[in-house]
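If you want the building blocks of each chain, they are given just below.
There are 2 protein chains.
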Amino acid sequence: MMRTRPLKVALLGCGVVGSEVARIMTTHADDLAARIGAPVELAGVAVRRPSKVREGIDPALITTDATALVKRGDIDVVIEVIGGIEPARTLITTAFEHGAGVVSANKALLAEDGSALHAAAEKHGRDLYYEAAVAGAIPLVRPLRESLAGDKVNRVLGIVNGTTNFILDKMDTSGAGYSEALDEATALGYAEADPTADVEGFDAAAKAAILAGIAFHTRVRIGEVYREGITEVTAADIASARRMGCTVKLLAICERAADGRSVTARVHPAMIPLSHPLASVREAYNAVFVEAEAAGQLMFYGPGAGGSPTASAVLGDLVAVCRNKIGEATGPGESAYTRLPVSPMGDVVTRYHISLDVADKPGVLAQVATVFAEQGVSIDTVRQQSRQDPDGEASLVVVTHRALDAALSGTVEALRKLDTVRGVASIMRVEGE
Amino acid sequence: MMRTRPLKVALLGCGVVGSEVARIMTTHADDLAARIGAPVELAGVAVRRPSKVREGIDPALITTDATALVKRGDIDVVIEVIGGIEPARTLITTAFEHGAGVVSANKALLAEDGSALHAAAEKHGRDLYYEAAVAGAIPLVRPLRESLAGDKVNRVLGIVNGTTNFILDKMDTSGAGYSEALDEATALGYAEADPTADVEGFDAAAKAAILAGIAFHTRVRIGEVYREGITEVTAADIASARRMGCTVKLLAICERAADGRSVTARVHPAMIPLSHPLASVREAYNAVFVEAEAAGQLMFYGPGAGGSPTASAVLGDLVAVCRNKIGEATGPGESAYTRLPVSPMGDVVTRYHISLDVADKPGVLAQVATVFAEQGVSIDTVRQQSRQDPDGEASLVVVTHRALDAALSGTVEALRKLDTVRGVASIMRVEGE
Numbered sequence: 001m002m003r004t005r006p007l008k009v010a011l012l013g014c015g016v017v018g019s020e021v022a023r024i025m026t027t028h029a030d031d032l033a034a035r036i037g038a039p040v041e042l043a044g045v046a047v048r049r050p051s052k053v054r055e056g057i058d059p060a061l062i063t064t065d066a067t068a069l070v071k072r073g074d075i076d077v078v079i080e081v082i083g084g085i086e087p088a089r090t091l092i093t094t095a096f097e098h099g100a101g102v103v104s105a106n107k108a109l110l111a112e113d114g115s116a117l118h119a120a121a122e123k124h125g126r127d128l129y130y131e132a133a134v135a136g137a138i139p140l141v142r143p144l145r146e147s148l149a150g151d152k153v154n155r156v157l158g159i160v161n162g163t164t165n166f167i168l169d170k171m172d173t174s175g176a177g178y179s180e181a182l183d184e185a186t187a188l189g190y191a192e193a194d195p196t197a198d199v200e201g202f203d204a205a206a207k208a209a210i211l212a213g214i215a216f217h218t219r220v221r222i223g224e225v226y227r228e229g230i231t232e233v234t235a236a237d238i239a240s241a242r243r244m245g246c247t248v249k250l251l252a253i254c255e256r257a258a259d260g261r262s263v264t265a266r267v268h269p270a271m272i273p274l275s276h277p278l279a280s281v282r283e284a285y286n287a288v289f290v291e292a293e294a295a296g297q298l299m300f301y302g303p304g305a306g307g308s309p310t311a312s313a314v315l316g317d318l319v320a321v322c323r324n325k326i327g328e329a330t331g332p333g334e335s336a337y338t339r340l341p342v343s344p345m346g347d348v349v350t351r352y353h354i355s356l357d358v359a360d361k362p363g364v365l366a367q368v369a370t371v372f373a374e375q376g377v378s379i380d381t382v383r384q385q386s387r388q389d390p391d392g393e394a395s396l397v398v399v400t401h402r403a404l405d406a407a408l409s410g411t412v413e414a415l416r417k418l419d420t421v422r423g424v425a426s427i428m429r430v431e432g433e
Numbered sequence: 001m002m003r004t005r006p007l008k009v010a011l012l013g014c015g016v017v018g019s020e021v022a023r024i025m026t027t028h029a030d031d032l033a034a035r036i037g038a039p040v041e042l043a044g045v046a047v048r049r050p051s052k053v054r055e056g057i058d059p060a061l062i063t064t065d066a067t068a069l070v071k072r073g074d075i076d077v078v079i080e081v082i083g084g085i086e087p088a089r090t091l092i093t094t095a096f097e098h099g100a101g102v103v104s105a106n107k108a109l110l111a112e113d114g115s116a117l118h119a120a121a122e123k124h125g126r127d128l129y130y131e132a133a134v135a136g137a138i139p140l141v142r143p144l145r146e147s148l149a150g151d152k153v154n155r156v157l158g159i160v161n162g163t164t165n166f167i168l169d170k171m172d173t174s175g176a177g178y179s180e181a182l183d184e185a186t187a188l189g190y191a192e193a194d195p196t197a198d199v200e201g202f203d204a205a206a207k208a209a210i211l212a213g214i215a216f217h218t219r220v221r222i223g224e225v226y227r228e229g230i231t232e233v234t235a236a237d238i239a240s241a242r243r244m245g246c247t248v249k250l251l252a253i254c255e256r257a258a259d260g261r262s263v264t265a266r267v268h269p270a271m272i273p274l275s276h277p278l279a280s281v282r283e284a285y286n287a288v289f290v291e292a293e294a295a296g297q298l299m300f301y302g303p304g305a306g307g308s309p310t311a312s313a314v315l316g317d318l319v320a321v322c323r324n325k326i327g328e329a330t331g332p333g334e335s336a337y338t339r340l341p342v343s344p345m346g347d348v349v350t351r352y353h354i355s356l357d358v359a360d361k362p363g364v365l366a367q368v369a370t371v372f373a374e375q376g377v378s379i380d381t382v383r384q385q386s387r388q389d390p391d392g393e394a395s396l397v398v399v400t401h402r403a404l405d406a407a408l409s410g411t412v413e414a415l416r417k418l419d420t421v422r423g424v425a426s427i428m429r430v431e432g433e
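Chains as they are written, first to last, in full-length UniProt numbering: chain A, 1 to 433; chain B, 1 to 433.
Each hint should be verified, as a subset may be incorrect.
No copy is singled out in the list; a pair is fine if it fits within one copy or between any two copies.
Only pairs whose alpha carbons sit at most 20 Å apart, straight line, appear in this in silico DMTMM-like list of lysine to aspartate or glutamate [claimed, not checked]:
#, residue 1, residue 2
1, K325, E200
2, K417, D183
3, K71, E97
4, K152, D31
5, K325, E122
6, K71, E86
7, K152, D30
Read the hints as simulated data drawn from the structure, not as lab findings.
Taking the hints into account, I'd like the entire structure generated from these sequences.
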């Protein structure tokens, strides 16, 4: 049974994702209508540069006044693909006030202020969907919010940023240094002109905050996510990982504490064994492991960014919001009833791989081992290598057993104070075992 | 805001999956209530053997009269984990008539008669959810029905039966023959006493029918799925696959034809390259690739069977159906508007790996090659090996380029008629390239 009055959609933003959303809405209009049960009509497109030629979009739909568009009163669904905090936040809440459900791809905003947006949606009885905010086309938000709604998720671990994965993969396969790999990523369009959000881990941290909140039914803001980027990962780190049978990936890790009373969320580069499925995630692909009590270990893999994949996620949400609108229903809202606090990084249990430059003389290993013992950190393996260089230095590589991150960083601090330790060449966590 | 009147759930079947569903409903009652917005109460459990001790289930809830249970009139959701066609079908439709939504894990019934069930659900305005019917805990039905609802799926390819994957994996890693590997699977509980449904591919074919229907928005019944099991896969086939850099997997493959006017669905053993992600799916795990126009290639991986994983999927659906019930809404129904017909196996384009026993004398290869040419099948590689045995036989292994399955089977038929071909030792399709 098909309604004839079309559902009206306002598109905020018409960049890489927005233009693809508009294109598919036109080329696949019949399919969308059949799946929704009513035709959908692009009723307006808010842009910053109205003079730009936008193929396939009726120029009469273009406006620079996004606020007026969402306030029109006849808009059923607003698709927000502008990004950033403002004006996106105000536009979304205005949309709720004026009767529209919202589909957003805005990870930064959701990670910063998701609870307030959910509250506004609930107050006005509207939908807020955001599958596209995490890992592009890979269904993750819906599986976590809905498929696993009857299960208890204990861990989410994955590669959620394509740019950094491309760079690290390039460093791993070609032996290139960080800058060289970044240049290639930029040249190929995998990195933006200002790559800060990606390489410093802000993008992955926003996704980690969103995933942790959904997975553990609590609230996690981006500021509560521990974050290290990949700018200090060196070719030597990658070579060192290789010697251990590992590779280096930027991981987002959300965990429920062993006692179940708190959660942690963190983003940092880590060594993972080559045998781990995440080690073989190449180029700009994303992959996320979800460990749940009853379901066991699930993995989701696919393109984590790009216009078409992100548009696919946006349109899936558009269909859902339209169906709900027709059925006068709303989809799942925020579920944050556990109110589990987010513990600091020091409470995380992890392993360290530490490379030290030490004086090449007897007794150094004993000194170093004593520091570890004093901090209560147990050593897994040590590799000592005399460099036979004029400075009389040797390399000492220590891999620890699992310990509190606070104890591990305390150990590093104490090592720095030893006379025989000339420098800490690198520290990297080891995960996935 | 929590409703206080509990939602009442009737559980039909209390075997491996049902007992786990009942257990989690009890142990995680608070979480389920918080996520649904109302408590859920197990109101009755229909079983065949009431005398069996069922830990954690109030004996007063046990009944052998499933029909009376679903007709009670106060049941909000019926969970059907009996399996098989009848009485499951009648119980489900009776549940719809008496006001209940249904969560089912019954792949055989859905693949046989899914459309009629959906029609009954729609007629009475009820929900029919069945994530657990395909690939256990792996979210596949929901991602295909909802996340990809705005995209165009062109192909679904995967390992959807854990038993056969365990057997083939065992044959591959240990060199064991089929019977030996089946015995091990049975001893470890991966295969049932009567393994027919698994090893003959009926279970995978049911899942393929369900997946193809959802993916292509059409109707596919199990009888329309081409099906070959793994009982004739030999240690020699696996060794032969190895020599080609491949392994053997039982694949379910659903494809939209190149012209978009029909679909195909098939289940058969196939050689796939070791570099393909499906090649590394071990033991009883499942993994499914979905290729969609905008999303690109997605992969879903996890435990495809077992009490807990299947219960996780059932409970996720239970939460959804309960939420819909409270919101007086229904979830997505059947979407079969494309009405694409299912083409026969002969229309599938694939590749063959053919092992022939031939007379060890000059001119045989020329004869064989002529047969391929006459059938319009192009040869990729040929390997000829004299066995220097008293029978004067040689082995000839031919791998073809892509061709219509009808032409490939026509070729095999013609080869059998050649005097110099003493026998066709094995035929296997090659996929995943």
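Going down the list of hints, with the structure as the test:
1. For a Cα distance limit of 20 Å, the shortest separation of K325 from E200 qualifies neither inside one copy, at 39 Å, nor across copies, at 45 Å.
2. Taking the shortest Cα distances, K417 and D183 never come within 20 Å of each other, neither inside one copy (37 Å) nor across copies (62 Å).
3. Proximity of K71 and E97 under a CA criterion of 20 Å is satisfied intra-copy only: 8 Å inside one chain copy versus 43 Å between copies.
4. Taking CA atoms no more than 20 Å apart as the test, K152 paired with D31 passes between copies only; the shortest distance there is 9 Å, against 36 Å inside one copy.
5. Proximity of K325 to E122 under the C-alpha cut-off of 20 Å is found in both arrangements, the shortest distances being 14 Å within a copy and 18 Å between copies.
6. Taking the shortest alpha-carbon separations for K71 and E86, only the intra-copy value of 17 Å comes in at or below 20 Å, while the best inter-copy value is 54 Å.
7. Taking the closest pair of Cα atoms, K152 and D30 come within 20 Å of each other only across two copies (12 Å); inside a single copy the shortest separation is 39 Å, beyond that limit.
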